[in-house]
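**Q** Sequence:
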Amino acid sequence: MSAVPVMPNSVPRPLDESRQLADANTNTHPHPHAETDRPGGAVWVIVSPHAEWSCAGDVVTVASHEVSCTLHGVTPEVPTWLERVRHGVLLASAPAPSGWLARLVDEGLVSVLPATQPDIVPAFGSICDTWMRGIFSTPFWARFLARESSDIQVLAFLAQLYHRAAGADVHNRIAVERCTDPVLRPMLLRQYREQRGQATMLAAGLLRCGAAARTFLDSGAFDATHALVDFIIEAAGDMPSYVGCCALCQAPAAARAVSEIEAQFEALSQRYPSAAEGFAAVCAHARHDASVCGGTPLLSLWVQEAGPPDAAARLRMLRGASGVAAAYRAMFDALYRLDEDM
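Residue numbers for the sequence shown follow the numbering used here, beginning at 195 and rising by one.
Fair warning: there could be bad hints in the mix.
So the derived label-pair ranges between C-beta atoms look like this [unchecked claim]: (1) 235 x 414: 44 to 50 Å; (2) 481 x 271: 49 to 55 Å; (3) 287 x 384: 34 to 40 Å; (4) 267 x 414: 29 to 35 Å; (5) 379 x 409: 39 to 45 Å; (6) 380 x 313: 51 to 57 Å.
Hints in this document: simulated from the structure, not taken from any laboratory. Cβ atoms here follow ideal geometry from the backbone N, Cα and C, with glycine treated the same way.
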């Protein structure tokens with residue numbers, strides 16, 4: 195499981211607040227039977243971990259940093275139904291194309307995963323890719339990639355990656371210890387052995403960035419970074435949840451070439467030359483992850499060997515991936531506020 199999320203080739207820009215997608219669905223019914231009287235098989239629907247919503251009368255606006263979707267003429271039950279969908283709801287079939295739920299699916303604000311179809315890997319990978327893009331659409335990344343971050347923010351960023359990598363050693367080991375699945379346990383053991391010890395490399399790179407860097411190592415992880423690691427440690431007690439965490443951390447599904455990874459971190463070194471040694475260490479870590487994880491992701495290996503998970507396990511996988519995505523976003527939001535508070 196990678197401790198450092200890999201930036202997609204195209205990082206989304208923050209939402210233009212003037213952009214709203216109007217859905218003129220008058221008296222839209224929120225309940226599942228209004229959405230599911232069609233063939234196609236049962237599906238799980240779950241709200242994006244990056245989505246929030248607000249209500250004003252019969253108007254509900256659902257938004258992330260990437261998109262905003264306004265639903266008009268909805269019934270009072272829609273906000274309650276959205277709260278249920280945040281945790282995952284099983285529908286008899288995919289949302290009706292003309293309904294409000296399908297509109298949210300089209301905008302990436304709600305995701306759909308087949309509950310029983312055997313070929314789960316592409317669909318789950320696509321959901322993780324969407325949620326990973328949401329992480330990189332946060333305000334921190336817009337500022338960071340525009341060369342507008344302070345030296346303090348950059349050093350704090352590198353320090354959180356170190357603390358995240360140190361936490362990965364812990365939850366990878368715990369996952370092996372707790373796993374009773376005879377198929378999955380050898381995979382987790384190999385993952386732990388291949389990826390442990392990477393935090394040392396990141397710490398050494400950070401310390402080469404100057405005397406101020408040690409302050410960020412000695413001061414410990416942000417609360418949000420602790421929460422990210424703690425969430426994955428908790429998930430390590432439930433293998434479907436943990437596999438979902440791994441799937442999110444291994445997104446995007448399309449493997450990145452080493453040359454792309456190197457170019458990405460070289461560009462960051464040019465943006466922030468005082469932190470070049472730190473970015474070189476992160477690049478080395480990312481190259482290592484690509485060499486050991488760049489083949490078949492854990493989810494694919496598990497499904498190939500053990501067969502497709504049942505419907506209940508798929509929901510736990512979704513919740514695991516969603517929790518990691520939300521926790522990563524919270525970590526980057528904390529980094530963003532670091533400059534805002536100065």
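**Q** Next, verify each hint and record whether it holds.
**A** Verification of the supplied hints:
1. 235 x 414: 44 to 50 Å: About 47 Å separates the Cβ atoms of residue 235 and residue 414, which means 44 to 50 Å holds.
2. 481 x 271: 49 to 55 Å: holds, 50 Å
3. 287 x 384: 34 to 40 Å: holds, 38 Å
4. 267 x 414: 29 to 35 Å: Given range 29 to 35 Å: violated, Cβ gap about 50 Å.
5. 379 x 409: 39 to 45 Å: holds, 40 Å
6. 380 x 313: 51 to 57 Å: The hint (51 to 57 Å, Cβ to Cβ) is violated, given that residue 380 and residue 313 are roughly 24 Å apart.
Hints 4 and 6 from the list above are not met by this structure, while the remaining hints are.
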